[in-house]
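Enquirer: The task is simple: from the sequences and hints, build the whole structure.
Taken in order, these protein sequences are the chains called L and E. Residue numbers for the first sequence follow my numbering, so the first one is 1 and each next one is one higher. Residue numbers for the second sequence follow my numbering, so the first one is 1 and each next one is one higher.
Treat the hints with caution; some may be incorrect.
Under the rule of at most 16 Å between Cα atoms (straight-line distance), these lysine to aspartate or glutamate pairs were calculated in the EDC-like manner [stated by the list, open to error]:
| # | chain 1 | residue 1 | chain 2 | residue 2 |
| --- | --- | --- | --- | --- |
| 1 | L | 282 | E | 146 |
| 2 | L | 334 | E | 146 |
| 3 | L | 110 | L | 139 |
| 4 | E | 103 | L | 598 |
| 5 | L | 311 | E | 146 |
Sample of chain E residues at the chain L side, in silico, Cβ under 7 Å [what the hints assert, rightly or not]:
| # | residue |
| --- | --- |
| 6 | 32 |
| 7 | 70 |
| 8 | 94 |
| 9 | 128 |
| 10 | 134 |
Don't read these hints as lab results, they were simulated from the structure. All C-beta atoms in this analysis are idealised placements derived from N, C-alpha and C, irrespective of residue type, glycine included.
The primary structure of each chain is shown beneath.
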Amino acid sequence: MMKIESTKDIEVISENYSKKLYYPEAVKVNIGIASCGIAAGAQASLEKAAKEFPDNNGVSINQTGCIGFCELEPLVEIFEKGKPRLLYKNITEDKILDMIQDYREGNFNKKWILGQMKDPRSFLEDDIQNPIAGVSPLEKIPILEDVPFFNKQVKIALRNCGYVDPDSIEEYIARRGYQAFIQALKDMEPKEIIQAVKDSGLRGRGGGGFPTGIKWETCAKHNGERYIICNADEGDPGAYMDRSILEGDPHSILEGMLIAARGIGSSRGFIYVRNEYPLAVKRLVTAVKSARRYGLLGDNIAGSDFSFDIKISTGAGAFVCGESTALMASLEGKVGRPRAKYIHTVEKGFRENPSNLNTVETYANVPVILLKGADNYVKMGTTHSKGTKVFSLVGKVKHTGLVEVPMGISLKEIVFDIGGGIPRKKKFKAVQTGGPSGGCIPEQFLGLGVDFDELIKVGSMMGSGGMIVMDQDTCMVDVARYFVDFLKEESCGQCNPCREGITAMLDVLTDICKGNGKEGDIELLEELGMMIQKFSLCGLGTSAPNPVLTTILYFRDEYDAHIKDKKCPSGVCKPLFHYEIDEEACNGCTLCAKRCPEEAISGEKKKLHHLDLEKCINCGICYDACKFDAILIQ
Amino acid sequence: MSDPGLAESIETTEIDYMELDRIIEEDFNNDKENLIMMLQEIQRRYNHLPTPALTYLSTSIGVPLSQIYGVATFYSTFSLEPRGRNIISICLGTACHVRGGEKIREKLEESLSIEDGETTEDFRFTLESVRCIGCCSLGPVVKINEDTHGRIAYTEVDKVLEKYE
Numbered sequence: 001m002m003k004i005e006s007t008k009d010i011e012v013i014s015e016n017y018s019k020k021l022y023y024p025e026a027v028k029v030n031i032g033i034a035s036c037g038i039a040a041g042a043q044a045s046l047e048k049a050a051k052e053f054p055d056n057n058g059v060s061i062n063q064t065g066c067i068g069f070c071e072l073e074p075l076v077e078i079f080e081k082g083k084p085r086l087l088y089k090n091i092t093e094d095k096i097l098d099m100i101q102d103y104r105e106g107n108f109n110k111k112w113i114l115g116q117m118k119d120p121r122s123f124l125e126d127d128i129q130n131p132i133a134g135v136s137p138l139e140k141i142p143i144l145e146d147v148p149f150f151n152k153q154v155k156i157a158l159r160n161c162g163y164v165d166p167d168s169i170e171e172y173i174a175r176r177g178y179q180a181f182i183q184a185l186k187d188m189e190p191k192e193i194i195q196a197v198k199d200s201g202l203r204g205r206g207g208g209g210f211p212t213g214i215k216w217e218t219c220a221k222h223n224g225e226r227y228i229i230c231n232a233d234e235g236d237p238g239a240y241m242d243r244s245i246l247e248g249d250p251h252s253i254l255e256g257m258l259i260a261a262r263g264i265g266s267s268r269g270f271i272y273v274r275n276e277y278p279l280a281v282k283r284l285v286t287a288v289k290s291a292r293r294y295g296l297l298g299d300n301i302a303g304s305d306f307s308f309d310i311k312i313s314t315g316a317g318a319f320v321c322g323e324s325t326a327l328m329a330s331l332e333g334k335v336g337r338p339r340a341k342y343i344h345t346v347e348k349g350f351r352e353n354p355s356n357l358n359t360v361e362t363y364a365n366v367p368v369i370l371l372k373g374a375d376n377y378v379k380m381g382t383t384h385s386k387g388t389k390v391f392s393l394v395g396k397v398k399h400t401g402l403v404e405v406p407m408g409i410s411l412k413e414i415v416f417d418i419g420g421g422i423p424r425k426k427k428f429k430a431v432q433t434g435g436p437s438g439g440c441i442p443e444q445f446l447g448l449g450v451d452f453d454e455l456i457k458v459g460s461m462m463g464s465g466g467m468i469v470m471d472q473d474t475c476m477v478d479v480a481r482y483f484v485d486f487l488k489e490e491s492c493g494q495c496n497p498c499r500e501g502i503t504a505m506l507d508v509l510t511d512i513c514k515g516n517g518k519e520g521d522i523e524l525l526e527e528l529g530m531m532i533q534k535f536s537l538c539g540l541g542t543s544a545p546n547p548v549l550t551t552i553l554y555f556r557d558e559y560d561a562h563i564k565d566k567k568c569p570s571g572v573c574k575p576l577f578h579y580e581i582d583e584e585a586c587n588g589c590t591l592c593a594k595r596c597p598e599e600a601i602s603g604e605k606k607k608l609h610h611l612d613l614e615k616c617i618n619c620g621i622c623y624d625a626c627k628f629d630a631i632l633i634q
Numbered sequence: 001m002s003d004p005g006l007a008e009s010i011e012t013t014e015i016d017y018m019e020l021d022r023i024i025e026e027d028f029n030n031d032k033e034n035l036i037m038m039l040q041e042i043q044r045r046y047n048h049l050p051t052p053a054l055t056y057l058s059t060s061i062g063v064p065l066s067q068i069y070g071v072a073t074f075y076s077t078f079s080l081e082p083r084g085r086n087i088i089s090i091c092l093g094t095a096c097h098v099r100g101g102e103k104i105r106e107k108l109e110e111s112l113s114i115e116d117g118e119t120t121e122d123f124r125f126t127l128e129s130v131r132c133i134g135c136c137s138l139g140p141v142v143k144i145n146e147d148t149h150g151r152i153a154y155t156e157v158d159k160v161l162e163k164y165e
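Expert: Below you can see the structure in the form of structure tokens.
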């Protein structure tokens, strides 16, 4: 096996594999094999196709990472030299062979096709010729880049997800992978590397938004064995962009870490990855092995005096381990409890040594900064937040999926243009950002340009990038209770304000949701919130009251309805509402009666139905089933 | 996590110490820093963390049993009690929550007659709630062993359970 020594070696591999990537001899089928694709049945599709076309006889079956439009998984891309590149949607096991036939015979069944690609090159390769230039596009099939879900996106961190086989280092190299690292190693002084990252304005994508270059610079100043650590413990519920990069493009993380190691002066790296992401662990292990094989990890990398290797450690299900000091304790095999940060981890972190911790998405951005230049990178984004951010757009939104957008784009564009708005003609209520430490942003701020600072101004935060859309059926008091319950479970318990404060908040919120709320509860929650924010030890505690405080700020009427009128207007808190059948809207379709598990609904076909409240358990199945909005929340 | 169930696990679990040595020494270099991963490997073998294995581990790597107990009870993946043949993880992440994950949990609890964190008497199922497995676009999600069931409806729960013996 050849060891990579220079840019020339990279170019040779790149040239060889570009052909496979862009100009395949056979029909090339790329099936999106990431966790959500697999859950939708992609693995079964892959196995069936691989069995049908075992030795590349005219058709080659490949895996790739997350294509992003999770709502339509399994997604399958197919192309052949001189023919359009098409993305087929919802290709389950039963459809995969027909789909391949559909393409080969040139029928191009519109119903199955999401769109055709205009340009498969990544952000980094815009100086090479577009490999599908000259192929005449199909009529009546939308261009993918014009589909609303994709057209506002700019893919930097996700540049290779869904295009390359994540287990193939060569395909990563063909997308100009490891070029930035070799360049940094051969042609740049460590100080220049740090300067470039500083100039780019890159801020930590894990939540806090601390300037990455400054962190690197500070770490490099401290003496001792320095460590480069990657936080892949993506614990925020509702956020999965790191998983997607880990599963779809693991080499971009390794390359980012290598560049950091060269800049800071480190020979040991660690990736702390969630145990709940088994596929991510597997892909990382493969990636590290192949990087070692090419001599990109190990001793004397590319014939230089620089050595660096990476160890993969798995977490064990503790949200607090996303906090830097807790993560480092956990890496040491200990209980993951945070410590006060009067001495920062860049000075004394893992094993009491200077440690640089960044998150997956941050590292994935680094190679692009070096290759395209900081001056190009800063062109994107807002004054103090540069580049792009990946969001996982989920909850009550039509097009759920992963989206990477330039900083500064409005919430409205994300939710309504990219996300397609709220399903079933329901009304938008709020969007929750920043995970359990973030806040709920109401409709009046939909015009807000999303960046680190603007989100903080409205009481939320960027967090790791979860964006959970809520509609009229989401009860904001229940959401606050949900987050506080989550944080109570995940509080490590060593400091009083967090441990006792959160528990006290939960008690009050639970009472309110049960209909036992009383006058003064809101004020008590605010007081508790302030106390927890001020006196907790770590970020988990200081940000824990955010969901409660923002929902009180923006949705106080819902709290009042629960406390004073004993009503849950959204129909979530069971003791505080009941269902009724709207006499005018009910047309007697019998669907609700058929679905009701308690046989509480009776009525003849085409005649008004009746709901027996004695039997009703408020499960909401009828409410979800009714197509005529005839089930009312009272 | 509740009582370690000492007596029960001593009686019922036979430990293969040769294999334990292999995990500790070969897979994880006798290195204390790998404690969490060693525990994961032990749990993979025995479906829970049997106390005799932990005692042995403690002497082998020189970490006090109290500390191992601390780690084993701090992290939510670990169980000191024997678990069922099939592990049901009901996702209660935010995206699943707003799409009705709570209702699915209630249905699972009702169908299995156990509560969150418990195991059925016949050891067929253990029900555990987890916070986000990162399949947010498919919520509500239930994971049984390694299979992820996305967009699961209240009415489908029983049918899905039938597939697991």
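Enquirer: Give a verdict on every hint.
Expert: We went through each hint and held it up to the structure:
Our distance criterion of 16 Å between C-alpha atoms is met by residue 282 of chain L and residue 146 of chain E, whose separation comes to about 14 Å. Between residue 334 of chain L and residue 146 of chain E, the direct Cα distance comes to roughly 27 Å. Violation of the 16 Å bound is thereby established for this hinted pair. For a cut-off of 16 Å, the pair hint linking residue 110 of chain L to residue 139 of chain L stands: about 10 Å separates their Cα positions. Using a Cα cut-off of 16 Å, the hinted pair residue 103 of chain E and residue 598 of chain L holds, with the two alpha carbons roughly 15 Å apart.
Annotation: proposed proximity of residue 311 of chain L to residue 146 of chain E is violated, straight-line Cα distance about 25 Å (limit 16 Å). The beta carbon of residue 32 of chain E is positioned within 7 Å of a beta carbon in chain L (closest approach about 5 Å), and the interface hint is therefore held. A hinted interface residue such as residue 70 of chain E counts as satisfied when its beta carbon comes closer than 7 Å to some beta carbon of chain L; here the least separation is about 5 Å, so the hint holds. Residue-level restraint check for residue 94 of chain E holds (minimum Cβ-Cβ distance to chain L is 4 Å; threshold 7 Å).
The interface hint given for residue 128 of chain E is violated, since its Cβ lies 10 Å from the closest Cβ of chain L, which is over the 7 Å cut-off. Look at residue 134 of chain E: its Cβ gets to within about 4 Å of chain L, closer than 7 Å, so that hint holds up.
In terms of the numbered hints stated before, the structure departs from hints 2, 5, 9, listed from lowest to highest.
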